[in-house]
Amino acid sequence: MVKKKILINSAADRRGLIYPGCEDIRLSRQCEILNVSKGAFYYKPMGIDPYNLELMDLIDRQFTKTPFYGSRRLKVWLNKNGHEVNRKRVQHLMRLMGIEAIYPKPNLSKRRHDHEIYPYLLKGIRILKPNYVWSTDITYIRIGRGFVYLTAIMDWFSRYVLSWKLSNTLAADFCVEALNEALEQCQPEIFNTDQGSQYASSEFLKPLKARGIKISMDSKGRALDNIFVERLWRSVKYEEVYISEYRTAKKAFSSLKKYFVFYNNCRFHQALNYKTPAEVHYQRT
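So the sequence shown is residues 3 to 287, counted in the working numbering.
Be careful, since some hints might not be right.
Listed next, the in silico SDA-like pairs over lysine to any residue satisfying Cα-Cα at most 20 Å (straight line) [unchecked claim]:
| # | residue 1 | residue 2 |
| --- | --- | --- |
| 1 | K216 | K90 |
| 2 | K239 | G100 |
| 3 | K260 | K277 |
| 4 | K90 | L124 |
| 5 | K131 | Q93 |
| 6 | K208 | Q187 |
| 7 | K239 | I127 |
| 8 | K82 | Q64 |
| 9 | K239 | K82 |
| 10 | K259 | E183 |
| 11 | K259 | K216 |
| 12 | K239 | D59 |
| 13 | K82 | G72 |
| 14 | K239 | G148 |
| 15 | K131 | F230 |
| 16 | K131 | I229 |
| 17 | K259 | A273 |
| 18 | K90 | Y53 |
| 19 | K208 | L172 |
| 20 | K239 | K259 |
No lab work stands behind these hints: they were computed from the structure.
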């Protein structure tokens with residue numbers, strides 16, 4: 003019998019071949035064969051102590067309003083709102099959520115890094131067209147009794163969201179999958195990230211380097227270097243996440259899918275002269 007090799011380039015097409023109910027090949031093996039992140043199918047929220055989850059929800063809502071609050075101010079804010087927690091606990095929860103305040107840290111130049119850090123290339127730069135600068139980030143999403151992480155890739159000029167993924171861990175694979183899906187559409191001249199380990203990983207950097215894309219990284223602790231994605235997270239949370247209060251990860255996925263379609267194609271932006279991201283990205287009149 004002659005075996006034919008079928009080439010499937012799209013991540014969406016590969017996911018479409020996975021059959022969760024298959025009795026012969028378990029789901030994890032199907033994901034491995036098709037080079038698809040298991041997180042894209044399991045979506046099992048990370049479980050956590052109920053009170054810590056309540057604190058994380060409060061931190062997330064306040065941090066979305068005041069991204070310049072570090073662990074010290076958040077600890078004071080929680081204390082004033084009836085939660086007697088210490089700063090160490092707040093720091094632990096912030097690390098778990100993958101967030102930090104936007105102010106620069108002292109002695110930054112002396113900080114040791116266990117991975118290569120690229121310079122920030124966007125200071126003072128004029129961005130006058132789509133696909134000149136893309137950027138990405140990760141945020142925390144509350145799911146019933148647990149939580150997941152959301153990542154998205156955005157075009158800076160048009161605010162168009164090129165791809166997004168959910169995961170129950172901060173491992174790099176869901177970031178890499180989002181990147182590859184975006185690169186199937188086009189590619190930027192510059193790709194900007196923070197200094198997170200996901201973005202400094204060889205798996206994430208490899209497709210960028212292979213295409214000759216310049217890599218830019220935010221200064222440590224300067225979330226405003228990636229201001230447009232920070233604004234995206236605020237829109238996503240106030241217009242969708244906080245309103246919906248997802249009970250399951252499946253519901254989060256389906257609701258976020260609808261929201262990003264709305265965001266790209268129907269949501270007018272004042273900064274875009276009241277056009278939608280899709281109109282600007284694809285130069286529609």
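Each hint, compared with the structure:
no. : hint         : in the structure
1   : K216 to K90  : violated, 37 Å
2   : K239 to G100 : holds, 16 Å
3   : K260 to K277 : holds, 19 Å
4   : K90 to L124  : violated, 34 Å
5   : K131 to Q93  : violated, 39 Å
6   : K208 to Q187 : holds, 17 Å
7   : K239 to I127 : violated, 29 Å
8   : K82 to Q64   : holds, 13 Å
9   : K239 to K82  : violated, 24 Å
10  : K259 to E183 : holds, 15 Å
11  : K259 to K216 : violated, 29 Å
12  : K239 to D59  : holds, 12 Å
13  : K82 to G72   : holds, 16 Å
14  : K239 to G148 : holds, 17 Å
15  : K131 to F230 : holds, 15 Å
16  : K131 to I229 : holds, 18 Å
17  : K259 to A273 : violated, 24 Å
18  : K90 to Y53   : holds, 15 Å
19  : K208 to L172 : holds, 19 Å
20  : K239 to K259 : holds, 14 Å
The structure does not agree with the numbered hints 1, 4, 5, 7, 9, 11 and 17 stated previously, though it agrees with the rest.
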